[in-house]
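Number of protein chains: 2
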Amino acid sequence: MRNLRLLIAYDGTNYLGWQRQKQGPTIQGILEDTLRQILGHKVKLRAAGRTDAGVHALGQVAHFHTTSKRDLETLFRALNALLPKDIAVLRVEEVDFKFHAQHHALRKTYFYQIYNHPVRHPLLRLYSWWVPEPLDLEAMKACLPHIIGERDFASFRKSGTDLKSTVRTVYEAAFKRVPGVAHLLRFEITGRGFMRYMVRNIVGALVEVGRGRLGPEDFLKILEARDRSVAPPPAPPQGLFLKEVYYGKKWRAKDYAPKGVKR
Amino acid sequence: MRNLRLLIAYDGTNYLGWQRQKQGPTIQGILEDTLRQILGHKVKLRAAGRTDAGVHALGQVAHFHTTSKRDLETLFRALNALLPKDIAVLRVEEVDFKFHAQHHALRKTYFYQIYNHPVRHPLLRLYSWWVPEPLDLEAMKACLPHIIGERDFASFRKSGTDLKSTVRTVYEAAFKRVPGVAHLLRFEITGRGFMRYMVRNIVGALVEVGRGRLGPEDFLKILEARDRSVAPPPAPPQGLFLKEVYYGKKWRAKDYAPKGVKR
Numbered sequence: 001m002r003n004l005r006l007l008i009a010y011d012g013t014n015y016l017g018w019q020r021q022k023q024g025p026t027i028q029g030i031l032e033d034t035l036r037q038i039l040g041h042k043v044k045l046r047a048a049g050r051t052d053a054g055v056h057a058l059g060q061v062a063h064f065h066t067t068s069k070r071d072l073e074t075l076f077r078a079l080n081a082l083l084p085k086d087i088a089v090l091r092v093e094e095v096d097f098k099f100h101a102q103h104h105a106l107r108k109t110y111f112y113q114i115y116n117h118p119v120r121h122p123l124l125r126l127y128s129w130w131v132p133e134p135l136d137l138e139a140m141k142a143c144l145p146h147i148i149g150e151r152d153f154a155s156f157r158k159s160g161t162d163l164k165s166t167v168r169t170v171y172e173a174a175f176k177r178v179p180g181v182a183h184l185l186r187f188e189i190t191g192r193g194f195m196r197y198m199v200r201n202i203v204g205a206l207v208e209v210g211r212g213r214l215g216p217e218d219f220l221k222i223l224e225a226r227d228r229s230v231a232p233p234p235a236p237p238q239g240l241f242l243k244e245v246y247y248g249k250k251w252r253a254k255d256y257a258p259k260g261v262k263r
Numbered sequence: 001m002r003n004l005r006l007l008i009a010y011d012g013t014n015y016l017g018w019q020r021q022k023q024g025p026t027i028q029g030i031l032e033d034t035l036r037q038i039l040g041h042k043v044k045l046r047a048a049g050r051t052d053a054g055v056h057a058l059g060q061v062a063h064f065h066t067t068s069k070r071d072l073e074t075l076f077r078a079l080n081a082l083l084p085k086d087i088a089v090l091r092v093e094e095v096d097f098k099f100h101a102q103h104h105a106l107r108k109t110y111f112y113q114i115y116n117h118p119v120r121h122p123l124l125r126l127y128s129w130w131v132p133e134p135l136d137l138e139a140m141k142a143c144l145p146h147i148i149g150e151r152d153f154a155s156f157r158k159s160g161t162d163l164k165s166t167v168r169t170v171y172e173a174a175f176k177r178v179p180g181v182a183h184l185l186r187f188e189i190t191g192r193g194f195m196r197y198m199v200r201n202i203v204g205a206l207v208e209v210g211r212g213r214l215g216p217e218d219f220l221k222i223l224e225a226r227d228r229s230v231a232p233p234p235a236p237p238q239g240l241f242l243k244e245v246y247y248g249k250k251w252r253a254k255d256y257a258p259k260g261v262k263r
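From first to last, the protein sequence lines stand for chains F and Y. If you use full-length UniProt numbering, the first sequence corresponds to residues 1 to 263, in order. If you use full-length UniProt numbering, the second sequence corresponds to residues 1 to 263, in order.
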């Protein structure tokens, strides 16, 4: 039995998210079905983090167990040949049998794109949140120290979810202008792990600060209230990208394919 | 009677190109129908240049005549409210009645995006040409002096087209790496005017040089042959963007909307 790890990129536009569902196509569903077709047995994929409908990924990671002895290069080529064009496998690796894509993730980085211009951008509509009102970027940046470190993010959890703990650790958070694309802002956040909707809820509140409807002090009050009902609605899914998952040196690949491809 | 000029951006993915057709949706068709709905009379739009199916635009320009006295701000808002999300009007201007979007264009700039990596990019598939083989960028750049200036581009016209002249003037042409997006190359070209398929045919030949199947000296021979049949096939449409059309000071707007929006 081998434990294989996939590095995956996808355009979430046409999917109901990562997790397999009966109602329609999902990333997990398509990947598991394609792996089954190649390997000849049922496959259960475990992802670093589930992404919601419409959310994209540049560096999702998932692992699965297989009895197949198929070489990694062949598996890599077969996957990319059979997968739809909006899903690609960037790397196939063999890892220690104990490796678990979700449990062993040390850091995850997401970014969220905001197109801030009075007129919508036809070519960014599926990859950003269009905010036509002018945003006060300095006020938004002033909120960021409040979310760095180990905090109770109860106010930014998904409505109606019941979790053992709403404490999470954020290592870094920053706003940048995307070079070469006028009016496109990118919010990048790295943490140990995130609750469902957490990044989108943080961005939803930050944009209210940017619009001037809330001040940075209100943002802090919302965080400290530990109450989802006081926070603004989440930012829409199409602006969100899972950029990278980091596992540390312990879980380095034993072998990988293709040899010529680096991230 | 007024002469109005539109600055237009669109995602060409879901259209059969600019020019109105009976077989399916086109940018011209959608815009004319929307204008007719707003203005209450039939409208004939003239574009700076027709784009083919799948080709995108960030700065297409078109003009039309109208008897309507509707103010430009209202027209601008109504257009963007009614147009599908993959077409946006960035500016509505009133110009001299003699202005013609095609005849008075002094310069047009197109760019063409190539994603050069062994694995395809799910999020760039509709906005670039995926070339998996390593490209020799220096060899491609070595071809560019041959296309600068007034040249006979007969070898790069669309197959089967009959034109009075195949001589065109190219002012600038350059390859760049797109900042912030690994493995994405951009070929940008500015000229007085271009034949149909000319940019895509040039890119098709340049990529053959990049792949090492042709040398820069073969590129020159192809150009000098003035024969379409000796040139490689065109690059696919989804990598091509009409970036900008320049008219000079003579055709400045008399009035425009919205006031707050600059390109």
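No lab work stands behind these hints: they were computed from the structure. Misleading hints may appear alongside valid ones.
Just so you know, same-sequence chains aren't split out, so a pair can sit in one copy or run between any two.
[Claimed, not checked] Dumping the calculated SDA-like pairs for lysine to any residue here, alpha-carbon to alpha-carbon at most 25 Å:
id, residue 1, residue 2
1, 85, 204
2, 243, 177
3, 250, 96
4, 98, 227
5, 98, 212
6, 85, 116
7, 22, 250
We went through each hint and held it up to the structure:
With identical chains, the CA atoms of residue 85 and residue 204 are at most 25 Å apart between copies only, with a shortest distance of 22 Å across copies and 31 Å within one. Taking the shortest alpha-carbon separations for residue 243 and residue 177, both the intra-copy value of 17 Å and the inter-copy value of 21 Å come in at or below 25 Å. Taking the shortest Cα distances, residue 250 and residue 96 sit within 25 Å of each other inside one copy (9 Å), while across copies they are farther apart (70 Å). Within a single copy, residue 98 and residue 227 get their C-alpha atoms no closer than 37 Å, and across copies no closer than 62 Å, so neither meets the 25 Å cut-off.
For the identical chains of this complex, residue 98 and residue 212 are neighbours neither inside a copy (49 Å) nor across copies (45 Å), given an alpha-carbon limit of 25 Å. In this homomeric assembly, residue 85 and residue 116 come within 25 Å of each other (Cα to Cα) only across copies, at 16 Å, whereas the closest approach inside a single copy is 29 Å. With identical chains, the CA atoms of residue 22 and residue 250 are never at most 25 Å apart, being 36 Å at best within one copy and 61 Å at best between copies.
Of the numbered hints stated above, those contradicted by the structure are hints 4, 5, 7, listed in ascending order.
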